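As a plain string of letters, each chain reads:
2 protein chains.
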Amino acid sequence: MENWVIKRGRLSPNHIALVADQQCWTFRELAETTLKLATKIHHQAPELKRVAVIGGNTADFYLLLASFHHLMVEVVILNNRLSSSEIRQQINISQAELVIYEKEFSQQVATLECPNVVLGDWQSSGELTGDFVPVTHYEPSQVNTIMFTSGTTGVPKGVKQTFGNHLASALGSALNLGMLPEDRWLLTVPLYHISGYSIMNKSLLYGNTVYLVGKFEPTLIGELVNTAQITHLSLVPTMLTALLKQPAFLSNRSLRCLLLGGAPMTAPLLAQCHKADLPVIQSFGMTETASQVLALNSRDAKRKQGSSGQPLFPVEVKIREGEAGVGEILIKGPNVSPGYLNGEMAKTADGFFITGDLGYLDDEGFLYVVGRKKELIISGGENVYPLAVENVLQAVVGIKEAAVIGEADDYWGEKVVAYVVTQNNTPLKAIDLNKQIGPHLGAFKRPKVYYQVAALPRNSLGKLQKNRLTQLTVLDTYVHE
Amino acid sequence: MENWVIKRGRLSPNHIALVADQQCWTFRELAETTLKLATKIHHQAPELKRVAVIGGNTADFYLLLASFHHLMVEVVILNNRLSSSEIRQQINISQAELVIYEKEFSQQVATLECPNVVLGDWQSSGELTGDFVPVTHYEPSQVNTIMFTSGTTGVPKGVKQTFGNHLASALGSALNLGMLPEDRWLLTVPLYHISGYSIMNKSLLYGNTVYLVGKFEPTLIGELVNTAQITHLSLVPTMLTALLKQPAFLSNRSLRCLLLGGAPMTAPLLAQCHKADLPVIQSFGMTETASQVLALNSRDAKRKQGSSGQPLFPVEVKIREGEAGVGEILIKGPNVSPGYLNGEMAKTADGFFITGDLGYLDDEGFLYVVGRKKELIISGGENVYPLAVENVLQAVVGIKEAAVIGEADDYWGEKVVAYVVTQNNTPLKAIDLNKQIGPHLGAFKRPKVYYQVAALPRNSLGKLQKNRLTQLTVLDTYVHE
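Protein sequence lines, in the order shown, are assigned to chains A and B.
Residue 125 in full-length UniProt numbering sits at position 125 of the first sequence, and the numbers go up by one each step.
Residue 379 in full-length UniProt numbering sits at position 379 of the second sequence, and the numbers go up by one each step.
To be clear, the hints were calculated from the coordinates, so they are not data collected in a lab.
You may find that some hints are simply not true.
Copies of the same chain look alike in the list, so a pair counts if it fits in one copy or across any two.
Distance condition first, Cα-Cα at most 25 angstroms in a straight line; then the derived SDA-like pairs of lysine to any residue [to be verified]:
(1) Lys36 - Pro268
(2) Lys318 - Ile93
(3) Lys304 - Glu2
(4) Lys435 - Pro156
(5) Lys302 - Glu182
(6) Lys304 - Glu182
(7) Lys304 - Leu180
(8) Lys466 - Leu255
(9) Lys466 - Tyr411
(10) Lys347 - Pro140
(11) Lys36 - Gly365
(12) Lys36 - Glu364
(13) Lys463 - Cys273
(14) Lys302 - Asp21
(15) Lys160 - Leu341
(16) Lys245 - Ala271
(17) Lys463 - Met265
(18) Lys275 - Thr470
(19) Lys448 - Gly381
(20) Lys318 - Pro334
(21) Lys448 - Tyr411
Just so it is clear, the structure is predicted and the values come from calculations on it, not from any experiment.
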């Protein structure tokens, strides 16, 4: 594969590549700007093999990321919401030789021992010298990026993502959604996350325009969708909920794909989208699969409510059989990471990635995720999938959010317990839990204890962090029977 | 890669795959129908490794071709305009074990010794038995099809085309043109040619609809483009010329891509297209590159008149230097055939296919083809590219068509001679050749002899067959000076 930035710069020189921070860059300008930046990086650190970067959704950071496409350097893209100690941990694991960061994040890197430099200083410093030769070709197996899994439990793992992974991801998505060079993709999910970074690579491959937005402000996003005639928008459900209150957003006629990821979509949210005639595509992906691997298209959303969709064209999904069709979800395809920096990536003998998620496939090949394998509760010898219980609790009048885990119990082995946030902090006793839950859950699945909390712990992408549940302050407790 | 027909049948079961012969098939129906046909073929010839097929642009033939996607069989797709002896030659070269043909072509296969069967008979004969297991996966290196190069000179060569070739071709084209699942592609170029066959594979990969048309009738095509809201149409220039006379065609508002291939486009034809605001993409491809490898997009057509365009995203083109930047055109990419059945495919040490065409790249990477290497005329030690002379002759008032070759000459080594068709068969003496040609061609490039003929020899795709020029009946001869 030829260098994507240079190739696209030649094929679509005058097409707008990026609109950000009140400026825009054509693909030729993007190629030129990133080549200059790559030249500087090369001259200041000619032996650089692995770099870590911290930045926001800014033009500078976008251009920095694209400039590494000219260098044979592996890029550790750090989550900019991490604490200093978390950053130190990930730098140690990745053995990055240098950290490049945006000024805004100075505090987080202040105590690092690793050499580090502010991005802006590099861009403005020194003269360009001419003897830098950019990478002309990539091997598909060449590692481009390393991202740490969001770390909802335990030690974060550094996922290696190759150029081949990113390419397959972009093509697989295109074979589902279609794509046109005149598409305009609004990038408001974090660039440090695969959902954001993959939009940059898609743009280089497809030749479409990216509108990069720094901060998610629903009013502004709603207006931008209209004024810029945005065709593609990637969101997590909390963002969508906020946008659904924006009249400007609801009146848009330009959106062709509204990609929802990061967390499952609730039935009421889906109903709202259908009412507003929004072209919602629910997507399922992981850092380990370099973004989306399954999609639930709008036309199937009602019929297949609760499903994560079908595997994209280049992707295979199967289930390692457990009980009643439910088993471990296995994924194979050219977008699956070759492995972690630290620790083994579990794969089957025939090359399927063992995701650690549990689920089943229906007769049309739609995947239903029932939960994480390690979250499976075995209570009195019966398997209880927390997600199934959570789905019922979330529909209970008076309950806003719920998370279910197992608690060690002498009698049951594990007992099912629920952490709930109630509407307006209604006391648990005021909610008719038994009556509302009884018809939907077998006795062994019903929570034995309810803990009322102020909020559920989530990471920056809205993903529930179950490992932090037991550290929460409990406002009220309700013991069943 | 999973079986494309089955995969697409699962992903887009209810979307229309094919409209042909007053019928239509969804992708599910296409999968089911082709599985049945594959089952029959398997049971009647379980050991089949290589089959030859002859058919027209009919639904039956389309379904037959797709059914081989379920079998581990290499398919020799024969040009249906070949004579019996040409077919015999290609069957011998390919060592096909069986010929499946449409009844219409019975005469051409009547004298073959190779086992052969009429397609219709197979489809209707016998019961389905259930123990056939279709191919579930393809290796990219698995040969899918063999097509003989159109044979403008010498012995035809059987080009092996792998699943990887066809995939890369489809994706490379999509990264230039864009694609949407709701696209409707009118297939009126021959299915036996890579330009037609590639449209079938694109449809399976992209999930778009194909409208298959048996016979090219300009009036009907013009109407169909409108009524079916066709978005994509592949043509050779002679077809386009005919369509430009159809008001229904000119008034269409649905076409997004009008792909021109097979032969270079003249300036007047291009001007007509621009006037009619047609989205013309000129494409350059070969049987050896599994269709299109370069494209000249509409936006560049005027600026780069005479160019074949830029290499598609996955394709690399370079020039093996000759004089003044002109040299042999070299092509590399995952869509380049692994080789011929008979004879070596010339490749460079770094894996570039040596096309045998001569050309140059401009500073923006646009390719200009100047002719076939073997057609290069060396006259008095000077290189003369026939194409350059032909372009000048074609602009001469009174000349309709011209073909230029070298003729052995004691004094010059080779001398430049032209075969011309004049407007209304005007005698050559009545055309002021010297005055019109003089300003545009150096003396050594000017034809020494003009032969007037009734028509130039072309193959079924409109490609000039220079090897047949010397066999033509000459109506008139004009010797220069």
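Results of checking the hints against the structure:
1. With identical chains, the CA atoms of Lys36 and Pro268 are never at most 25 angstroms apart, being 49 angstroms at best within one copy and 43 angstroms at best between copies.
2. In this assembly of identical chains, the alpha carbons of Lys318 and Ile93 never lie at most 25 angstroms apart, being 32 angstroms within a copy and 43 angstroms across copies at closest.
3. Proximity of Lys304 to Glu2 under the C-alpha cut-off of 25 angstroms is restricted to the inter-copy arrangement: shortest distance 23 angstroms between copies versus 40 angstroms within a copy.
4. In this homomeric assembly, Lys435 and Pro156 never come within 25 angstroms of each other (Cα to Cα): the closest approach is 41 angstroms inside a single copy and 80 angstroms across copies.
5. For the homomeric pair Lys302 and Glu182, the shortest alpha-carbon distance between copies (21 angstroms) is at most 25 angstroms, but the shortest distance inside one copy (30 angstroms) is not.
6. Taking identical chains as interchangeable, the C-alpha atoms of Lys304 and Glu182 lie at most 25 angstroms apart only when they sit on different chains, with a minimum of 22 angstroms there against 31 angstroms within one chain.
7. Taking CA atoms no more than 25 angstroms apart as the test, Lys304 paired with Leu180 passes between copies only; the shortest distance there is 23 angstroms, against 28 angstroms inside one copy.
8. In this assembly of identical chains, Lys466 and Leu255 lie within 25 angstroms of each other by CA distance neither inside one copy nor across copies; the values are 35 angstroms within and 53 angstroms between.
9. In this assembly of identical chains, Lys466 and Tyr411 lie within 25 angstroms of each other by CA distance solely inside one copy; the values are 23 angstroms within and 91 angstroms between copies.
10. Taking the shortest alpha-carbon separations for Lys347 and Pro140, both the intra-copy value of 20 angstroms and the inter-copy value of 22 angstroms come in at or below 25 angstroms.
11. For a Cα distance limit of 25 angstroms, the shortest separation of Lys36 from Gly365 across copies, 21 angstroms, qualifies, whereas the shortest one inside one copy, 48 angstroms, does not.
12. In the homo-oligomer, the alpha carbons of Lys36 and Glu364 lie at most 25 angstroms apart only across protomers (20 angstroms), although the nearest pairing inside one protomer, at 50 angstroms, exceeds that limit.
13. Proximity of Lys463 to Cys273 under the C-alpha cut-off of 25 angstroms is restricted to the intra-copy arrangement: shortest distance 21 angstroms within a copy versus 54 angstroms between copies.
14. For a Cα distance limit of 25 angstroms, the shortest separation of Lys302 from Asp21 qualifies neither inside one copy, at 39 angstroms, nor across copies, at 35 angstroms.
15. In this assembly of identical chains, the alpha carbons of Lys160 and Leu341 lie at most 25 angstroms apart only when taken from the same copy (7 angstroms versus 41 angstroms across copies).
16. In the homo-oligomer, the alpha carbons of Lys245 and Ala271 lie at most 25 angstroms apart inside one protomer (14 angstroms), although the nearest pairing across protomers, at 51 angstroms, exceeds that limit.
17. For the identical chains of this complex, Lys463 and Met265 are intra-copy neighbours only, at 12 angstroms inside a copy versus 56 angstroms across copies, given an alpha-carbon limit of 25 angstroms.
18. Taking the closest pair of Cα atoms, Lys275 and Thr470 never come within 25 angstroms of each other, the shortest separation being 39 angstroms inside a single copy and 72 angstroms across copies.
19. Taking the shortest Cα distances, Lys448 and Gly381 sit within 25 angstroms of each other inside one copy (16 angstroms), while across copies they are farther apart (97 angstroms).
20. In this assembly of identical chains, Lys318 and Pro334 lie within 25 angstroms of each other by CA distance solely inside one copy; the values are 15 angstroms within and 29 angstroms between copies.
21. With identical chains, the CA atoms of Lys448 and Tyr411 are at most 25 angstroms apart within one copy only, with a shortest distance of 12 angstroms there and 106 angstroms across copies.
Hints 1, 2, 4, 8, 14, 18 from the earlier list are contradicted by this structure; the remaining hints agree with it.
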